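Q: Here the structure of chain A is known, so what remains is to put chain B in place on it, guided by the hints.
Take a look at the letters that make up each chain.
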Amino acid sequence: MILTIQHMTRYDYASPARAVVQSHRITPTRCDGQKVMSWQVSVTGGRKGGEFRDGAGDLVTAWTIPGPVDSVEVSVQGMVETTDMAGILKGNRETVPPEAYLRDSVATKVDAALRDLAQSVSETAPLDVAHGLSRAVTKAILYRPGVTHSFTTAAAALAQGEGVCQDHAQVMVAIARHRGLPARYVSGYLFADAAGVAHEAAHAWAEVYVPGFGWIGFDPANECCPDARYLRLGSGLDAKEAAPIRGTTRGTGEESLSVTVAVQAQAQ
Amino acid sequence: MTTYFNEMFDAGQVRDPYARLQDWMQSMPADRRLEKQAEAEELFRRIGITFAVYGEGGDPDRLIPFDMFPRVFTAQEWAKLDRGIKQRARALNAFLVDVYGRGEIVRAGRIPGNLVYQNAAYEISVSGFVPPKGVYSHIVGIDIVRTGPTDFYVLEDNCRTPSGVSYMLESREMMMRMFPDLFRENRIQPVDRYPDLLRRTFASVAPAKCDREPTVVILTPGHFNSAYYEHSFLADLMGVELVEGQDLFVDGAFVYMRTTQGPKRVDVIYRRIDDAFIDPLCFRPDSMLGVPGLMDVYRSGGVTICSAPGAGVADDKAVYTYVPEMIRFYLGEEPILENVPTWKCAEADDHKYVDENMADLVVKEVHGSGGYGMLVGPKSTKAEVEEFRARVRANPSNYIAQPTLALSTTPTFVAEGVAPRHVDLRPYCLVGERIELVPGGMTRVALKDGSLVVNSSQGGGVKDTWVLAE
Chain A
1 MILTIQHMTR
11 YDYASPARAV
21 VQSHRITPTR
31 CDGQKVMSWQ
41 VSVTGGRKGG
51 EFRDGAGDLV
61 TAWTIPGPVD
71 SVEVSVQGMV
81 ETTDMAGILK
91 GNRETVPPEA
101 YLRDSVATKV
111 DAALRDLAQS
121 VSETAPLDVA
131 HGLSRAVTKA
141 ILYRPGVTHS
151 FTTAAAALAQ
161 GEGVCQDHAQ
171 VMVAIARHRG
181 LPARYVSGYL
191 FADAAGVAHE
201 AAHAWAEVYV
211 PGFGWIGFDP
221 ANECCPDARY
231 LRLGSGLDAK
241 EAAPIRGTTR
251 GTGEESLSVT
261 VAVQAQAQ
Chain B
1 MTTYFNEMFD
11 AGQVRDPYAR
21 LQDWMQSMPA
31 DRRLEKQAEA
41 EELFRRIGIT
51 FAVYGEGGDP
61 DRLIPFDMFP
71 RVFTAQEWAK
81 LDRGIKQRAR
91 ALNAFLVDVY
101 GRGEIVRAGR
111 IPGNLVYQNA
121 AYEISVSGFV
131 PPKGVYSHIV
141 GIDIVRTGPT
151 DFYVLEDNCR
161 TPSGVSYMLE
171 SREMMMRMFP
181 DLFRENRIQP
191 VDRYPDLLRR
201 TFASVAPAKC
211 DREPTVVILT
221 PGHFNSAYYE
231 HSFLADLMGV
241 ELVEGQDLFV
251 DGAFVYMRTT
261 QGPKRVDVIY
271 RRIDDAFIDP
281 LCFRPDSMLG
291 VPGLMDVYRS
301 GGVTICSAPG
311 AGVADDKAVY
321 TYVPEMIRFY
331 LGEEPILENV
341 PTWKCAEADD
351 HKYVDENMAD
361 LVVKEVHGSG
371 GYGMLVGPKS
381 TKAEVEEFRA
391 RVRANPSNYI
401 AQPTLALSTT
411 PTFVAEGVAP
421 RHVDLRPYCL
431 VGERIELVPG
441 GMTRVALKDG
451 SLVVNSSQGG
461 GVKDTWVLAE
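Those sequence lines, one after another, are chains A and B. Using this note's numbering, the first residue of the first sequence is number 1, and each one after it goes up by one. Using this note's numbering, the first residue of the second sequence is number 1, and each one after it goes up by one.
Isolated chain B (complex conformation):
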């Protein structure tokens, strides 16, 4: 029987960061809890925060479950995470600039060339290009799990357009409205600077040709996209326009936005559209979402695209295994946060091990995301394991495997009261002229008893994440 680290109760004692939550918890009898839960749901619905579950059908306006029990870190715990996350974000960006430049890390034999250059996410069309300030990934979302008091592992990196930050901000807002007393009793570091820092990050990477206050826009695929709420929410908080492809056009060497006062030049585009769709002239000709000619403007320095096209090669699950190598190679430092040991099925020995131990492992598609196309061995039936085994055998290089981690739990409100549920954490590191991290992130919680899958698309919920002041 695996034992799981409980972030609140350790060996029968309440851990320090949760000390003041003990009374609060006991002051919440079932009826008051249900009342508060209903209040939270009503608030979420009124502001319109919903999350469509991609590819699952059903109600697209379904609420993502919100759990009122906060997840708490001490200032000291966060200090380590802060250093580790920033270190990783720096190394990932150095890697991107390198592999689109001289490729020193490949030449040095520290990462296999085929993994990089034959990767579907490697964008030949941006080879030789260094984006403003040498930043490819402006928002690095790093998924972290905890297995003990001081043990943290990075599960994956998200270098393209990690979603979910609206939940970090909304969860906090919600808690402050519903439980103002908690915020008087605990010294919780604020996260509300995030939109301002995000806007500053974008402004700091405006192209050299921009000689005035940069105009920033968010480019969304439209309201059918599952994260549309977040796109409009962030545009609103940053005070920038939310646009779709058809609202932008290229004229000469620049990109313009149609406005009621006539065309306005755009300097920085925070795109929430995949590479393949941003410019039908350069990538998929059938894309209706993008802006024809955008890539030529970008490459000739007329606009900055965030994240930079091609950034995805750094967050590929097979490349992930080399991030500790990147940290040593580019920064000359030892990784502060550890990687989860990973078997690459592309390698025969690894595949053999995975094949033999599949029932104990978590097996994932190299390019998958959102908890789709994965197998959690210990939680699967024999038939499911067999089916997955066949899939991996048919195309080994498409899969990696990791041990089933003993994810930490935090107390969570459930039908029967309060019970431990598994959690992870996605902080959002901002990289521009400076590197910034607000103390917090999105904590996802697997609401089903015993479940280790926290993805919102697989029945996960969210919690407010607290980082206490010193």
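Just chain A, same shape as in the assembly:
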């Protein structure tokens, strides 16, 4: 499948910011099943800073926007040929040992309810556990936009019983770790097909490390494993760490954000 991406993120500052610093993980993962034909990131008024590939294989690019800044527009345009890898991440070069992903983060700390959800799956073989957990998350959290925020924790999302892909992914990550499976949060894009089943073009899912297979993607929001409709960007212990754009602003004004994403499939 050939996916074309158009992703625009715009930050407006109520009063001009003294300066803006951003860190991007917004380039497709170099892995099997993702062939980049073109990819361009631009930042209005931005100076491109250091760039490196981190231990998880993600390309990190720093940007600084000297002030005064009224608004910043980050636009991404690209075309990638994708292949269905049955959810298995292959060919990504990384140095972080899977064991490191057994660690908690603030957003994925387990509480009693998360522990119960983790234990509700009776399977014992790692791959079966992972599938079972993914199904359990789908049931436990109904898709409903606008009820959770970017800082909603896994525990809070489960208590609420509704949320978006970020919440599904963070709950999945939290309970997989509780079952002793290394797990991480993945950000990327998703092509919504004509049937309109998939939602959220700027998407997130989870990866679980299963011995013998390696990292496998699970998307509880869509009750499936990633296929050719998915484009992987980066990963982290939780949503904050895996965010495609992380930024800070020096200044006092309020920041407002608008995002438009279009993912389309081209005829081959």
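In short, the hints are calculated from the structure, not lab data. Predicted, not measured: the structure shown is a model, and the values here were computed from it.
List of simulated lysine to aspartate or glutamate pairs, EDC-like, C-alpha gap at most 20 Å:
hint	chain 1	residue 1	chain 2	residue 2
1	B	Lys86	B	Glu325
2	B	Lys86	B	Glu436
3	B	Lys209	A	Glu51
4	A	Lys139	A	Glu123
5	B	Lys352	B	Glu365
6	A	Lys48	B	Asp251
Not close to chain A: a few residues of chain B, all C-beta gaps over 12 Å, as computed:
hint	residue
7	Ala94
8	Asp151
9	Glu185
10	Gln189
11	Ser232
12	Glu386
Glycine included, every Cβ here is placed at the ideal spot set by N, Cα and C.
A: Below, chain B without anything else, positioned relative to chain A:
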């Protein structure tokens, strides 16, 4: 009754290194001693050396007590310490490069992976990164205690930002001013090269992108920090700028310092701020102390951060027990300095032993420092032991335990005259292109009679540490 090794008087004889101090001691009647003590305090106050005790409230400008009675090592004793300390500093750095790289020591089964990779101090964000010259810990402060004429043990390693070196330098300065005769009568190796060696160490690890004389700065959390005095003292001695987070900013691929002549590029940052606070973009978003974007500049080779983020995984108290293994694994040598036998409460058998023998042991939090959150069994009440037992039971993996060591004593001035008090030693090993150790360190002394806790936060004082020339 435990007997303690007295570094000056052994079996009724004055040991060699202290021979010339015998007369000096006797030339100090109470009135002269008090006069000198007052002089020392006045000097310390005038130069402003004070030490706020973290989390205890009270007077933040309280003076750390200074004891005029020096602690002395022979050249021969120091030679062994010198080799042992450098060996340890090399192994700790090799370990850090390894666990952020291929993790050979874990693959070889010489240290459990969970201890390293699930450690809160293990920094995923620097995995795969080798800092300039392969150095993570540029200043290794190693706490050493002595129990006999030739018996030294390492109590703990400090790989992040060990404090206290200003006391090594100031104590010497003080003694030379007050007792110049002592320095004529004894051949004492100087320590005043330290600031210059420190600056050279930093310059030697400048990033590859730096093509001129490197600009070094010290990054401090500010004057509210208990070690602020030391930060400004070292900046002054090295001739480098002391900056706070707000004085630095990232532009493009580099870090700059605001100066009256405009922005100046910074190549090496000696940070005295914890990992969690150095970059709100990468770590704690609520940090006001750090520099947004600093980690990206660091990872892309635009600046060197000393100590390297992630270095803390090597000085964790549970990892400490494996340092002898690291020395064998990376250097193919036998450890010159011994570890104190340690029980890890994370292991059931060890915890059982600790639980049963708590009253005889020293029990510490794995991540604690500064003498907080620890129990000295033999010096504690029954109630205190019971309370601690419950804490350890609630979270065993958070604790380790060690035997109560018979720390050596040195003569110390006290109200009644001169009396033996327990001491330890923290030397500061510098690791850059070269590995350097000035002959000396910070000797801490437990001023309370019988006390084994030397931490300044728990009523400890400092002494000048002498290493005699051959």
